[in-house]
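Respectively, the protein sequence lines represent chains G and A. So for the first sequence, numbering that gives the first Met the number 0 puts the first residue at 0; every next one is plus one. So for the second sequence, numbering that gives the first Met the number 0 puts the first residue at 0; every next one is plus one.
Watch out, some of these pointers could steer you wrong.
You can't tell identical chains apart in this list, so a pair holds if it fits in one copy or across any two.
[Claimed, not checked] Heads up, simulated DSS-like pairs for lysine-lysine below, C-alpha to C-alpha not over 30 Å straight-line:
(1) K181 <-> K202
(2) K194 <-> K181
(3) K82 <-> K181
(4) K82 <-> K53
(5) K194 <-> K15
(6) K230 <-> K194
(7) K181 <-> K53
(8) K197 <-> K82
(9) K230 <-> K53
(10) K82 <-> K230
(11) K194 <-> K234
By construction, these hints were calculated from the structure, which means they are not laboratory data.
Number of protein chains: 2
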Amino acid sequence: MMACVISIGNELLRGKTVNTNAANIGMKLTLSGYEVTKGLTIRDDPAEIAWALKTGMESADMIVTTGGLGPTFDDMTIAAVSKALNLPLIDDPETAQRLRERYARLGLQATTERMKMASIPEGSTVLPNPVGAAPGIFLQIQGKTIVILPGVPDEASAIMDSILDRIRIEGTEYFSESRFMKGTMESTLAPIVNKVMKEMDSKVYIKSHPRHSETGNPAVELEILARSEGKEHAKDLVETAFNRIFEELSHRSKDIRT
Amino acid sequence: MMACVISIGNELLRGKTVNTNAANIGMKLTLSGYEVTKGLTIRDDPAEIAWALKTGMESADMIVTTGGLGPTFDDMTIAAVSKALNLPLIDDPETAQRLRERYARLGLQATTERMKMASIPEGSTVLPNPVGAAPGIFLQIQGKTIVILPGVPDEASAIMDSILDRIRIEGTEYFSESRFMKGTMESTLAPIVNKVMKEMDSKVYIKSHPRHSETGNPAVELEILARSEGKEHAKDLVETAFNRIFEELSHRSKDIRT
Numbered sequence: 000m001m002a003c004v005i006s007i008g009n010e011l012l013r014g015k016t017v018n019t020n021a022a023n024i025g026m027k028l029t030l031s032g033y034e035v036t037k038g039l040t041i042r043d044d045p046a047e048i049a050w051a052l053k054t055g056m057e058s059a060d061m062i063v064t065t066g067g068l069g070p071t072f073d074d075m076t077i078a079a080v081s082k083a084l085n086l087p088l089i090d091d092p093e094t095a096q097r098l099r100e101r102y103a104r105l106g107l108q109a110t111t112e113r114m115k116m117a118s119i120p121e122g123s124t125v126l127p128n129p130v131g132a133a134p135g136i137f138l139q140i141q142g143k144t145i146v147i148l149p150g151v152p153d154e155a156s157a158i159m160d161s162i163l164d165r166i167r168i169e170g171t172e173y174f175s176e177s178r179f180m181k182g183t184m185e186s187t188l189a190p191i192v193n194k195v196m197k198e199m200d201s202k203v204y205i206k207s208h209p210r211h212s213e214t215g216n217p218a219v220e221l222e223i224l225a226r227s228e229g230k231e232h233a234k235d236l237v238e239t240a241f242n243r244i245f246e247e248l249s250h251r252s253k254d255i256r257t
Numbered sequence: 000m001m002a003c004v005i006s007i008g009n010e011l012l013r014g015k016t017v018n019t020n021a022a023n024i025g026m027k028l029t030l031s032g033y034e035v036t037k038g039l040t041i042r043d044d045p046a047e048i049a050w051a052l053k054t055g056m057e058s059a060d061m062i063v064t065t066g067g068l069g070p071t072f073d074d075m076t077i078a079a080v081s082k083a084l085n086l087p088l089i090d091d092p093e094t095a096q097r098l099r100e101r102y103a104r105l106g107l108q109a110t111t112e113r114m115k116m117a118s119i120p121e122g123s124t125v126l127p128n129p130v131g132a133a134p135g136i137f138l139q140i141q142g143k144t145i146v147i148l149p150g151v152p153d154e155a156s157a158i159m160d161s162i163l164d165r166i167r168i169e170g171t172e173y174f175s176e177s178r179f180m181k182g183t184m185e186s187t188l189a190p191i192v193n194k195v196m197k198e199m200d201s202k203v204y205i206k207s208h209p210r211h212s213e214t215g216n217p218a219v220e221l222e223i224l225a226r227s228e229g230k231e232h233a234k235d236l237v238e239t240a241f242n243r244i245f246e247e248l249s250h251r252s253k254d255i256r257t
């Protein structure tokens, strides 16, 4: 199953904020058995949100959005999703009550802007926010699952955790291991990685990340991933791939610098 | 002028790597006068790279890509861009010579995988990489500017810096200021921000980011941006907007918690 992560917010595009949400959610989706195939970052703009939703739904089964759920004028995700999917906005009484209580406790008025956070697209489920005001939204439509999360990283992460059991793909196990290889250059590994991946019939995914060791010598972080029906099998595949790479590397020892 | 930032790499989608490149480049483009309107993150896959390039060129004048320029099997950006734009790949003799010297100095062979980094799409210019092997590419085609950068953050950043004078939009000045407001909630500010932005006829962009002060009391970081023909004018607009917000806020002092 494919997944698309949509990040909404001008501050991400302008570089004011580094998009840690996309990485956090991408990791959780991957470990839940999804293949994250697209990330779309867009402005706080209804037409852009509609475009991203359409693009995500064309290529993925699971779409997770972050951002644009708060009380400010540029928090327009819910209204835009509602319009794009032709689902009327309805008031969620429980959320409305929770918001009124929250603001009463804080000695603040339940303004129109604040109560906007109790509006949800018809047919969706509210995902309570354990650390903030704006709840998330869970929606299944046209055979797709859409999860709408706030942009504040702690809130997005907490709500995402609360649905992992619900979205996890049955029978998918995932294993990943990284090892640092000092004195090896990425370009030395390239043909070996290529060979081993072909050999193993693309059951593993091997990725090298160039690093620098403390002494300034070249180093590579080698990450090998396997997903299988059983955790042990995924682990075995990763172990086999590492062994094959070390074996091949030992034949080319003149390239290894210590 | 609009800009689109394309980030290429499975590790970004899977959440193994946080996409700091997109923020760094987004910031530099914004300060150079561009409006960054889209960010696309895609897999190391030629069809996906072609899709992102097409999507970027449809909506933006400036397209910057990062990732997929190294010597490994999954570094396929140049080949994919070349194919998508129907530009044959040619060898850049200077880059080839530089790579041969580099690997000779390191006591390594100039393998096919390594020499791939000297291939560039016809009509493009090589952007030397002051901190790594893979050079960047600068390409103007169909009225668009395409900048292709490596994925290693230091390398992407250094090459990007080397072209800022070349890509800067003449006569565009940009000013941005952030102030922390302790004891104010984002939802208190929302109607005020709305009012002031309307008043100022969208010449400024006001963004609030909820923060928590050390004491656990609510706090907001208020960021105001203005772009104008002159730096002083942009600065004045920002100052005016802050003053208007403080003025409005003082009328609603019961909402302010200290």
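> Hint by hint, which ones does the structure fall short of?
Replying inline: 3, 7, 9, 10
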